[in-house]
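Student: Protein chains in written order, with the working numbering: chain A, 1 to 291; chain B, 1 to 291; chain C, 1 to 291; chain D, 1 to 291.
In short, the hints are calculated from the structure, not lab data.
It is possible that part of the hints are untrue.
It does not matter which identical chain is used: a pair holds within one copy or between any two.
[To be verified] Okay, derived cross-link-like pairs now, DSS-like style, lysine-lysine, Cα gap no bigger than 30 Å in a straight line: (1) LYS238 with LYS21; (2) LYS21 with LYS139; (3) LYS153 with LYS139; (4) LYS25 with LYS238; (5) LYS153 with LYS232; (6) LYS215 with LYS238; (7) LYS48 with LYS215; (8) LYS139 with LYS232; (9) LYS215 with LYS232; (10) LYS25 with LYS215; (11) LYS215 with LYS153; (12) LYS215 with LYS139; (13) LYS153 with LYS21; (14) LYS215 with LYS154; (15) LYS238 with LYS153.
As the structure is a computational prediction, the values presented were derived from the model and not from experiment.
Protein chains: 4
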Amino acid sequence: MDVAVIGLGAMGQGLARSLLKAGHKVRVWNRSPGPAESLMREGARRAKDPAEAFQADAVVTMLANDQAVRAVILDEALSHPPGHHVVHVMASTISVGLCRTLEEVHRDAGVDFIAAPVLGRPDVAAAGELNILVAGDEKAVRRVQPLLDAIGKKTWRVGDQPHQASVTKLAANFMLASAMEALAEAFALVRRHDLDAHILNEVLTNTLFAAPAYKVYGPLIADQRFEPVGFKLTLGLKDVRLALEAGEAAGAPLPFASILRDNFIDAIAHGDGDKDWSAVAKVAARRAGLA
Amino acid sequence: MDVAVIGLGAMGQGLARSLLKAGHKVRVWNRSPGPAESLMREGARRAKDPAEAFQADAVVTMLANDQAVRAVILDEALSHPPGHHVVHVMASTISVGLCRTLEEVHRDAGVDFIAAPVLGRPDVAAAGELNILVAGDEKAVRRVQPLLDAIGKKTWRVGDQPHQASVTKLAANFMLASAMEALAEAFALVRRHDLDAHILNEVLTNTLFAAPAYKVYGPLIADQRFEPVGFKLTLGLKDVRLALEAGEAAGAPLPFASILRDNFIDAIAHGDGDKDWSAVAKVAARRAGLA
Amino acid sequence: MDVAVIGLGAMGQGLARSLLKAGHKVRVWNRSPGPAESLMREGARRAKDPAEAFQADAVVTMLANDQAVRAVILDEALSHPPGHHVVHVMASTISVGLCRTLEEVHRDAGVDFIAAPVLGRPDVAAAGELNILVAGDEKAVRRVQPLLDAIGKKTWRVGDQPHQASVTKLAANFMLASAMEALAEAFALVRRHDLDAHILNEVLTNTLFAAPAYKVYGPLIADQRFEPVGFKLTLGLKDVRLALEAGEAAGAPLPFASILRDNFIDAIAHGDGDKDWSAVAKVAARRAGLA
Amino acid sequence: MDVAVIGLGAMGQGLARSLLKAGHKVRVWNRSPGPAESLMREGARRAKDPAEAFQADAVVTMLANDQAVRAVILDEALSHPPGHHVVHVMASTISVGLCRTLEEVHRDAGVDFIAAPVLGRPDVAAAGELNILVAGDEKAVRRVQPLLDAIGKKTWRVGDQPHQASVTKLAANFMLASAMEALAEAFALVRRHDLDAHILNEVLTNTLFAAPAYKVYGPLIADQRFEPVGFKLTLGLKDVRLALEAGEAAGAPLPFASILRDNFIDAIAHGDGDKDWSAVAKVAARRAGLA
């Protein structure tokens, strides 16, 4: 399939590589030219601008945030309708509000639009082990299924409207952040009773909580080891804020998310914004008077 | 081993049966006489009072709450020291404050005291699949290890002081309640965006959250099915309150636990106190205007 | 002074009338033409568009929200610099972020810009009893002081940068909403102990809390009387959200504001979005199982 | 009237002095003998024990907390019914649960019991300016009205059952602590936008919040001046906890009180437990990265 990848951060490069490996014809575009070059050595072709990327049969976008999506998709790629059948697969996590706007704009431009945010960090993407949450028109999803199969190990169909995949992804990230905060408070509690957090961590992650979320973050938090950065704390705050906005728009109060938002802000005010988002756990420890 | 079991609710009966099956000589006592009878048909002997139960080599107690422990252990069993070497294994979840008091009282009475609260509902106990959190003097623990092996599938040594096992158990229950609340909020969020909570549940429990805590409670909450009762909601509130008290005594604020406490009270005010504690999830749904 | 008023809702009309009464030459503009007409009968002149309004020596704007300010000020009034000396007095409450943007845009357009949000509902405005929070360049403030004196009974100078007045106004509204929530919780508590909330209200508002905030909202909440609407609940949510955003931008977690946000969303999900913002008090009552 | 005062801390001494000044015959008792001596020089007589104090026509108790009330009233004074008509006026703030227990015990002992907690710090007590919240049997209240008039400037009748006065007092203290937290968050917000908290304080306390609660605590918090101690922070936590317990017992979630509890614990964990309770405001400042 003739496919373009727009947005070549760590995640986007992983996607492009998976598509190349699966034998697809891949063109790539990125605002800054560097990341495209190594991919060109691996067989990709550079698109000169987002509009040219949309001349492919399908476009996978992995842009950093709402602002980048507005600039690249709304202001550039779709400012002139591509004029042929193309499916836009948006893989990044954006706000539900922008996703709804994109639904309309794509409809007007005659472009099929599906949202396909992924669960997993860059290393998971590189290994082709991502879980993909897909929402959008069923026929469009079927057309790009070979691409989704190249990118991830499993596609989860969550709804017919693209913004529903955004909501689902935000809900999953909220669950992760909640797991971290619960661990952080539990560890602060036992540490203040002269127990080693690692013991509680071992009990939990081998029994009731023997799942990737806890097996990944439990040890990081017990060790207070927040580098290297898998997902930056400021981006964690952004996703929690997007979940809260999605709740506000739909009429759902999210008290845990409110606590998380306060704590991410506290963490940033204490200089931890560029650490891994699990560093939010330092807040519970600090508030308990623990180093 | 000559062992007594005090407190014959569903959990206590399970423990007594496991001990009988493992070939131990078991005497039993319960405030109301009914539960002892079926155990007597299975080979147990009835102790006439708590003090007589303490004539065994080891006593396992599974009493409902602080009040019952005060009445049975402080006011009755230990009002006169047993006068021989006995190890008291307290299997129920009590407050950290009472556990500290019990440490002193047992020391004065010359009775070895270890705390061994368990993770698992009655069906897990009956299957001998409990995880046991043990804290106390190492020699005392070694003496009763055969009993612990009969009761559970694994013993986790968490500390030297019995109250540390109470803290650990309260931390684990707090983690469970936090998982429920996170699920409840996430489900309310997606439902208000016209998604079925079961889809999110399936994604979560097969990926990042593929652990017993979520596999047990996710479906109950997605189904809004809060009966039969595994653990009563009012007892859930009690454990969250004990976690908060343990935090207050040690200097650890627990904002998630505070939210949980408010929500359990809300649930009880709406008539759900006798349902399974996962019914706390109705609060997030109700606040979002969902039935 | 030759002054224009843009935005003729209940508050804006009050301001225009106060300026007319003080003898100023007033031109008015509003998106929908109706509100201008009665003011014209009282001596005002209609400006044909926002740009013409900016031909006055000073412009007072009282637009509903960020969106209206963007549309009227950024897209229309200042799209072409007015070309003479004019002071823009922004009296409405907007986001701190937009206020910072406006600081730059006005500088580039050569227009003096001060923020002057007011404390008080329309009836207070009509009586000329507003308190005005002013921030901006000192000379510009001195130039328009006669206008401020016509509008309010007192001007509070809070800072040199206009956005600081926005922050101060948002802080004051947050204080008001916090007072309401505290009253709501206290009343729910005493009502569940079979006491009449009016008694507590009387004690509080005659002793420690004998201040307008409590004397206005205490009786409304004790009576559960949320109409007529002084300030719409959805606007209350907007202001709390703006306070939270201002906190996030500057690094200040605001846990009370987070609770308020959750409760305003809860209130809206239960159909109270168009009531007075004090209807947020219904949430505490409902959660306590009170009608 | 022949009246006894039990509990001679700063508040109790103030009450005894006011009663002496009003011409009553006053006997006094305190666990440690020191405080009674200066009162004896002013005309008071020392009671040898709590039971002798209960030989007066009325007894005013101002004991520090539940534990002291249990020890002095339940275990000593009422262990033998006094055998004549006496009215017990309990002026201290205790838990609602203990107050309910006391209702029963007094009934059984044939002693009239009214609760009369006061609003005001020791300096207010010394000036006879206290507001008294009274609940109990109407005839008993009438009998001791001369004493209440000597102690305070105004008596507020809140209910027929003594524990209702406890609830009301706890609600009032919760309101005070909420006002402090709201001030603390608002000040942190404006300070992070380079504004002086004193300006916001001046605006608020001269307009919407021109009431004693804000005029007392606003300047202390703006100055970050938490000594001398009017009411110790650990006692503030105690009262918030009692409010939460009263809410739990009656079915009222109190989310603001939960935040307060977390913040008081945070303050104590950072060494501020012995400061004035307004030092809880340091938490909001610290979390915002402010000194």
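Student: Could you place LYS153 and LYS232 in one of the four classes (within, between, both, neither) given a Cα distance threshold of 30 Å?
Tutor: Classified as within: same-chain Cα gap 24 Å, cross-chain 40 Å, threshold 30 Å.
Student: For the identical chains here, do LYS139 and LYS232 meet the 30 Å Cα criterion within one copy, between copies, both, or neither?
Tutor: neither (35 Å within a copy, 45 Å between copies)
Student: Checking an output row: LYS48 and LYS215, CA cutoff 30 Å. Within, between, both or neither?
Tutor: So LYS48 and LYS215 fail the 30 Å test inside a copy (43 Å) and across (48 Å) alike.
Student: Reference check for the pair LYS25 and LYS238, CA-CA at most 30 Å: within, between, both, or neither?
Tutor: Neither: 34 Å inside a chain and 48 Å across chains, both beyond 30 Å.
Student: I want to check one pair: LYS25 and LYS215. Are their C-alpha atoms no more than 30 Å apart within a copy, between two copies, both, or neither?
Tutor: This pair counts as neither: shortest intra-copy Cα distance 37 Å, inter-copy 41 Å.
Student: Between the shortest in-copy and the shortest cross-copy C-alpha distance, which are at most 30 Å for LYS215 and LYS232: within, between, both, or neither?
Tutor: both (19 Å within a copy, 29 Å between copies)
Student: Give the relationship of LYS238 and LYS153 under a CA distance limit of 30 Å: within one copy only, between copies only, both, or neither.
Tutor: Only inside one copy: LYS238 and LYS153 sit 27 Å apart there, 42 Å across copies, limit 30 Å.
Student: Is it within, between, both or neither when you check LYS215 against LYS154 at 30 Å Cα-Cα?
Tutor: Both. Shortest intra-copy (21 Å) and inter-copy (19 Å) distances satisfy the 30 Å Cα cut-off.
Student: Checking LYS215 and LYS238: alpha-carbon separation at most 30 Å within a copy, between copies, both or neither?
Tutor: Both: 24 Å inside a chain and 28 Å across chains, each within 30 Å.
Student: Please work out whether the CA atoms of LYS153 and LYS139 approach to 30 Å or closer within one copy, between two copies, in both situations, or in neither?
Tutor: Within one copy only: 20 Å inside, 50 Å across.
Student: Please work out whether the CA atoms of LYS153 and LYS21 approach to 30 Å or closer within one copy, between two copies, in both situations, or in neither?
Tutor: within (14 Å within a copy, 46 Å between copies)
Student: Pop the pair LYS21 and LYS139 into one bin, within, between, both or neither, using alpha-carbon distances up to 30 Å.
Tutor: within (25 Å within a copy, 60 Å between copies)
Comparing the model with each numbered hint stated earlier shows that hints 1, 4, 7, 8, 10, 12 do not hold.
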